[in-house]
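S.K.: In order, the protein sequence lines correspond to chains A and B. Sequential numbering of the first sequence, starting at 1, is according to our numbering. Sequential numbering of the second sequence, starting at 228, is according to our numbering.
Derived by calculation from the structure, the hints in this document are not laboratory data. Among these hints, one or two may not hold up.
[What the hints assert, rightly or not] Taking lysine to aspartate or glutamate and the EDC-like style, the derived pairs with C-alpha atoms no more than 20 Å apart in a straight line are:
id, chain 1, residue 1, chain 2, residue 2
1, B, K829, B, D839
2, A, K138, B, D957
3, A, K138, B, D512
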Amino acid sequence: MIAARNLSKRVTTAAGPLDILTDIGLDIQAREAVAIVGVSGSGKSTLLGLLAGLDLPSDGEVFLSSHRLNDLDEDGRARVRGELVGFVFQSFQLLPGLTALENVMLPLELRGDQKPCEQATELLGRVGLAERLQHYPKQLSGGEQQRVAIARAFATEPAILFADEPTGNLDKVTGERVIDLLFSLNRDKGTTLVLVTHDEQVAGRCDRLIRLESGRVVADVKEASRA
Amino acid sequence: MIRWRLAMRLLRRNWQSGEQRILVAALVIAVAASTAIGFFTDRLGRGMANQSADFLGADLALVSPRPVDAAWLDKARTTGLQAIETLEFASVVVSGDELLLASVKAVQDGFPLRGSLRTAPAPFATDTATSTLPLHGEAWVVPRLLTGLGLQLGDTVEVGAQPLTITRVLTFEPGQARNPFGISPRLLMRMADVPATGVVQPGSRLSWQYLFAGREVDVEKFRAWLQPRLGPSHELIGVKEGRLAVGSALERAERYLGLAVLAAIVLAGVAVAMAARRYSERHFDMSAMLRCMGASQRDLLGLYLPQLLVVGLLASAVGCFLGWLAQYGLLYLLSGLLPATPSSPHAWPVLAGFATGMVTLAGFALPPVMRLKDVPPLRVLRRELLPLPNRAWLVYGAALCAIVAVMWRYTDSWPLTLSVLAGGIALTVLLGLLALLLLFLSRRLNTRVGVAWRFGLNNLWRRRRGSVSQILAFGLTLMAMAVVALVRTDLMTTWQRQLPAEAPNHFAINILPERQQEFRAFMETAGIATAQLYPMVRGRLIQINGTAVREAVTKEARSDNALNRELNLTWTTRLQQDNRILSGHWWQPEDTGKAKVSVESKLAERLGIELDDELGFAVGGQRFSATVASIRSVQWDSFRPNFYMVFPPQVIDSFPATYMTSFHLQKDDKSLLRELVARYPAVTVLEMDRVIEQVSRIFRQVTLAVEYVLMFTLLAGFAVLFAVLQASQDERLYEGALLRALGGSRRQLRAGHLAEFAALGGLAGLLAAMGTECLVWMLYSEVLHLEYSFQWRVWVFTPLAGALLVGAAGYRGTRAVVERSPMLLLRNQ
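Bound conformation, chain A alone (with noise of 0.2 Å):
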């Protein structure tokens, strides 16, 4: 589902070029649940954002389902972007002018869905929000942003979800629940999920593990090499 070969980014600072990613190379499977994990600035979420196509490389390539995004321009793969992929990130990023409602529906406006009201209120049933559907987001707590946020990742039934974080701002509890939707959900659409975390317990519940450091890939585990 997702293939990165040799792929490296490199920035260019003050201080001269600093390579972010070196050489890294992965296959992820349709369904698979993958693990990113390393201490801050090993460049966990530059490799997101390469594989999601938010980014491009400096060398190397991505496949993300049959697209090549080295061949696609901006447009192109944002177009990628809108049929394969959801989002879930750190610091919820709703949009505080929308309810959550509208916020759910909003990647199914983009999308042109005819009846895009009556599929964010099931997900949002789904996510246990059916009461706050015209609550804005400043008026929810952290860990009911992050659920309406997973609502609207999950609202275009994304072949991919791609996860940053999604537990780091929340507290303990709170993002443990969290984490438990997002990973029923996940089995029941049959998603593959990309999930970046530094909390190992969470890492713990996918079925692979890829450990980065100092942007390179030090190991790259399955469940059952785990268990």
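With the hints as your guide, set chain B onto chain A.
M.R.: Okay, now just chain B, sitting in the frame of chain A:
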């Protein structure tokens, strides 16, 4: 459709959150100002045309020494115009043994086509407008004719072989205002009575006047048809040519209104740009998120542009409506000036208002909003990522295009638009550099001020890029406000000076030299102050530098009135109050008795007369010449005695002269005129009070209109003020919260903010003072033709007003920094 719905939903949310209020307010101000002034100038223009038509007695007049082809009148009538014929000739009127040269006007039914005649039942009694004409065998005459012949109403005079009974005193006649001096007393009679007089013979000096009136388009159509058929002896007078003496004042007022609106629109544009920039920055996250969800650049434009379009249309609609309402305010203020039943307003000011709104929006708001499509999707992971800044040429280019478009509409001249624009850009760059210098200097001052000021000034320096643009924005705003306010004050002073309450409203001419002292004494006893008594010698200009004048001048100048009649020559040592020497010198004691002359500038220009030219004059049978020692500008609409040719004393004293003067007479003192005319039968009194009254009413009303329009500029200025404050508010809120979290007290923060904004305002004010001085000098000398003087008030009040205004507004705007919990602010960041 779905995207449209989404765009509208986002728009509604944005509106509810107050995001777009400043943008909308600024746009509404720009459109309302433009629409109101559009309506106003449209109506004023038509009002003035109507009034000029009243003075002319028609919309178009054709003067000819011979009857014109009857087909011309038929053409006028088939074009849809009314057309009548009048005849003027000089004739000696006889009553018993008394003779008097009168200027006879013979008219037909329908005269005048515009305006009305005014008559009184007795000389110098209260007059009323009339729509009737003298009947067959009757005549209406001016008081001068009655006193000149010693007649009363009901007496009979003979014009040629035709006896006419005088039935009314004529006090005002349309067309008369064109030449109040040098005319023989008027006698108005029926055209049908003319043949019986027998005075119209081949070779008689006659002046046929054909008057036309109708719809503006028809008049223009006929004028266009007629123009190429005219011969050199024909003179065509339209309402513009027949414009009143107030022309220059109104022209200035119109230019001022244009300037004020332009300032309002540009200021509103700046506010729109700032508000749009903030709007754009606050939507970076949303755009990044939408990009993540698969929205293409086109999708984003499809979301934001309809919002902008709807905001623009709604704001323009509201602006047009307000402009339309405001126009009624103007209409009220100008009630006497405009026709009693105002024709319905044209639709074009509404269209122009809409265009102004959309052009302003496109020029100032589009570039920052277009930036939203370039937000990198990676921003969802790395918030510090920003879209590439707009290319400078795009931002400034779009704004410049908008300004040029609006400016061209008001100036209607490319050279003027482009030169003002170039000047504006140069001034902005210069002021920007100055702002940086001021900021630098204020930092040097930093060590000598208290903690709050140091905090404030440090803040300014730290954000110097932002500070310079804020100082520039405030400075330009204050400058626009100061210029508009200053010009208003000076315009009004000029008008007041031009027509003070005691402006002379009567002229007395033909005062005999031997009775000069006695006349002066008579007026003094009556408590009437008179202007200087000027001697008047009637003479012709016959040569320029030894060449006969008709050959010395250009072909066009040959028909100049000044060459075809006797001029009033005078001498004096004192330069008239409203005259200015443009070149050469005014009379010194040693010039007395020397053959020199001072010439009025416009006549000199028309006839090509220059300094040191030798002019030949003929007075009676005698000839003499004089050298041009100075060229003088004359303010003809000051209603004071003024002359084309002024000599030093003892040059033309030997010629027979009469004296003239002007004086102010209250309405209630009118009876004095009767006594005056009885005692000095030779003296001719010209009553100008009606014209002057009208002129001063126009001035008063235009003054009100000018003040009204100033309000729009001030409003636009305030919109900029708030937009600038709002633009930097987020950053300030965050910083303030941090400082408070670090232990800064509310008092410290407040004092610091106050100091920062007051310094910002003060510096902006200083900058504005410099800019104002330059701009006012340029405007006065190039556009408004006013006297320029150093504006010390600007240097005191603008920095003060800047510090107060910006200080107060900034203080209020950052209240949230000290009032809201720092926790809340930091968390929302």
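S.K.: Against this structure, judge whether each hint is valid.
M.R.: Comparing the hints with the structure gives:
1. For a cut-off of 20 Å, the pair hint linking B/K829 to B/D839 stands: about 17 Å separates their Cα positions.
2. Our distance criterion of 20 Å between C-alpha atoms is met by A/K138 and B/D957, whose separation comes to about 17 Å.
3. In summary, the hint linking A/K138 to B/D512 is supported, as the alpha carbons are separated by about 16 Å, within the 20 Å threshold.
Taken one by one, the earlier hints all hold for this structure without exception.
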